[in-house]
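Chemist: Here is what each chain is made of, one letter per residue.
Number of protein chains: 2
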Amino acid sequence: MARSSYRLPKIPEMTVRRLSVYSRCLRELEEDGVKTISSQELAERFNLNSAQVRKDLAYFGEFGVRGIGYYVAGLRAELQKILGLDREWPVALVGFGNLGSALFNYRGFGRQGFRIAAIFDDDPAKVGRDVDGVPVFAVVDMAREVRARSIQIAILAVPAEGAQPVTDALVAAGIKAVLNFAPSRLRVPRDVRLKDVDLSIELETLSFYLAKSGR
Amino acid sequence: MARSSYRLPKIPEMTVRRLSVYSRCLRELEEDGVKTISSQELAERFNLNSAQVRKDLAYFGEFGVRGIGYYVAGLRAELQKILGLDREWPVALVGFGNLGSALFNYRGFGRQGFRIAAIFDDDPAKVGRDVDGVPVFAVVDMAREVRARSIQIAILAVPAEGAQPVTDALVAAGIKAVLNFAPSRLRVPRDVRLKDVDLSIELETLSFYLAKSGR
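These protein sequences, in sequence, are chains L and Y. For the first sequence, the residue numbers in the working numbering are 155 to 369. For the second sequence, the residue numbers in the working numbering are 155 to 369.
Bound-form chain L, shown alone:
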């Protein structure tokens, strides 16, 4: 149903984000028993932009069928594959304070195939423990444990001060992608992908609409 030619152009990160959103919409449609849907209907139901949907998908192939639209289950499977979600990713969680604990218990990760396989923290009260079957190690053991578990993705939930040395240790351990919750600008080598999560951006989309409505 699609060419898997998604090595060609440089894909904007916003497109990738939207693929994740589309995949969630399709899951919902699947749960509702919908078999096929046009880009127009998809856009209307989920408040998307249908031209944008078509453009985003066009990076990866020709998914629509004339007169039918998209096959919901088929398109979702393709998107999951494109997003790398057709497999399980072991993940390292670094920092097990309030935020780390909250992220550990965040059910969304597991649902998408991200499995926290090791926790790292330097608090002696935590090291050596086991949280729901996941071991807590000291940062000094990172290289060994990351390699032993073939971990490529790390979630960084440490205070700003410690973020750069811990990132350096992650990179040295062979980590290839870092999701950073620490409010600091980190340096990583070119072949390591860094994604900063800035939660205040989410609030700003709200204040924008409140300010606009003159409240």
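You may find that some hints are simply not true.
Pairs count within a copy or across copies, as identical chains cannot be separated in the list.
As the list claims (entries may be wrong) - Listed next, the in silico SDA-like pairs over lysine to any residue satisfying Cα-Cα at most 20 Å (straight line):
{"id": "1", "residue 1": "Lys164", "residue 2": "Leu202"}
{"id": "2", "residue 1": "Lys349", "residue 2": "Ala327"}
{"id": "3", "residue 1": "Lys366", "residue 2": "Ala212"}
{"id": "4", "residue 1": "Lys366", "residue 2": "Ala197"}
{"id": "5", "residue 1": "Lys280", "residue 2": "Gly251"}
{"id": "6", "residue 1": "Lys209", "residue 2": "Ala323"}
{"id": "7", "residue 1": "Lys209", "residue 2": "Arg172"}
{"id": "8", "residue 1": "Lys209", "residue 2": "Arg344"}
{"id": "9", "residue 1": "Lys349", "residue 2": "Ser192"}
{"id": "10", "residue 1": "Lys209", "residue 2": "Thr169"}
These are computed hints drawn from the structure, not numbers from a lab.
Chain L is already provided as a structure; the job is to place chain Y on it using the hints.
Modeler: Only chain Y this time, still in chain L's reference frame:
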């Protein structure tokens, strides 16, 4: 320097998100002492798309000056105003477990003018306490306290099960915007803005690039 005509078209949420990003880039430039910058230079330095930058800004006015580009400080001030960040927003934090505590301590919110003015939680061990000067109330007192503090924005950090009744209480109390961290689909009236934060989308942008590079 700009028409403040941002009531005209429907602004896509992705555009609003990008305005937040541009504002952060401009802050960085300001800190570095940069006075003016072209959309091209801005795009190159921060890995943005210059046509997109121009298109996003065009929703709100004509900010560029021919032969000069953008005035960094002036454009940032305009963006802050557009985003509603030229004022302080009192915010209600609902749910004070691990995630709530982490969000309370998240420094990014305060930096952008979002001040947590009240915490709501039904744990009797928490109600009546005061966390760094912020009072913790029971959910039953929400309407009174939200009104007394003129709060319009709430951050929802409760478990999925309790999310809808708490949202209903927030709406009844007069809240106009909800940032939802609970992994549940909430119903709100049309005049209330709901923003779901799905942290696994952030991880998916990483798995996409790892999968693409064939790792």
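Chemist: With reference to the structure, classify each hint as holding or not holding.
Modeler: Status of the hints after comparison with the structure:
Taking the shortest alpha-carbon separations for Lys164 and Leu202, only the inter-copy value of 12 Å comes in at or below 20 Å, while the best intra-copy value is 23 Å. With identical chains, the CA atoms of Lys349 and Ala327 are at most 20 Å apart within one copy only, with a shortest distance of 18 Å there and 36 Å across copies. When the C-alpha separation of Lys366 and Ala212 is checked against a cutoff of 20 Å, the pair qualifies only between copies, where the shortest distance is 16 Å, while the shortest distance within a copy is 34 Å. In this assembly of identical chains, the alpha carbons of Lys366 and Ala197 never lie at most 20 Å apart, being 24 Å within a copy and 27 Å across copies at closest.
Proximity of Lys280 to Gly251 under the C-alpha cut-off of 20 Å is found in both arrangements, the shortest distances being 10 Å within a copy and 19 Å between copies. Taking identical chains as interchangeable, the C-alpha atoms of Lys209 and Ala323 are never at most 20 Å apart, the minima being 39 Å within one chain and 40 Å between chains. Proximity of Lys209 to Arg172 under the C-alpha cut-off of 20 Å is found in both arrangements, the shortest distances being 11 Å within a copy and 19 Å between copies. Taking the shortest alpha-carbon separations for Lys209 and Arg344, neither the intra-copy value of 28 Å nor the inter-copy value of 29 Å comes in at or below 20 Å.
Proximity of Lys349 to Ser192 under the C-alpha cut-off of 20 Å is found in neither arrangement, the shortest distances being 32 Å within a copy and 25 Å between copies. In this homomeric assembly, Lys209 and Thr169 come within 20 Å of each other (Cα to Cα) both inside a single copy, at 9 Å, and across copies, at 17 Å.
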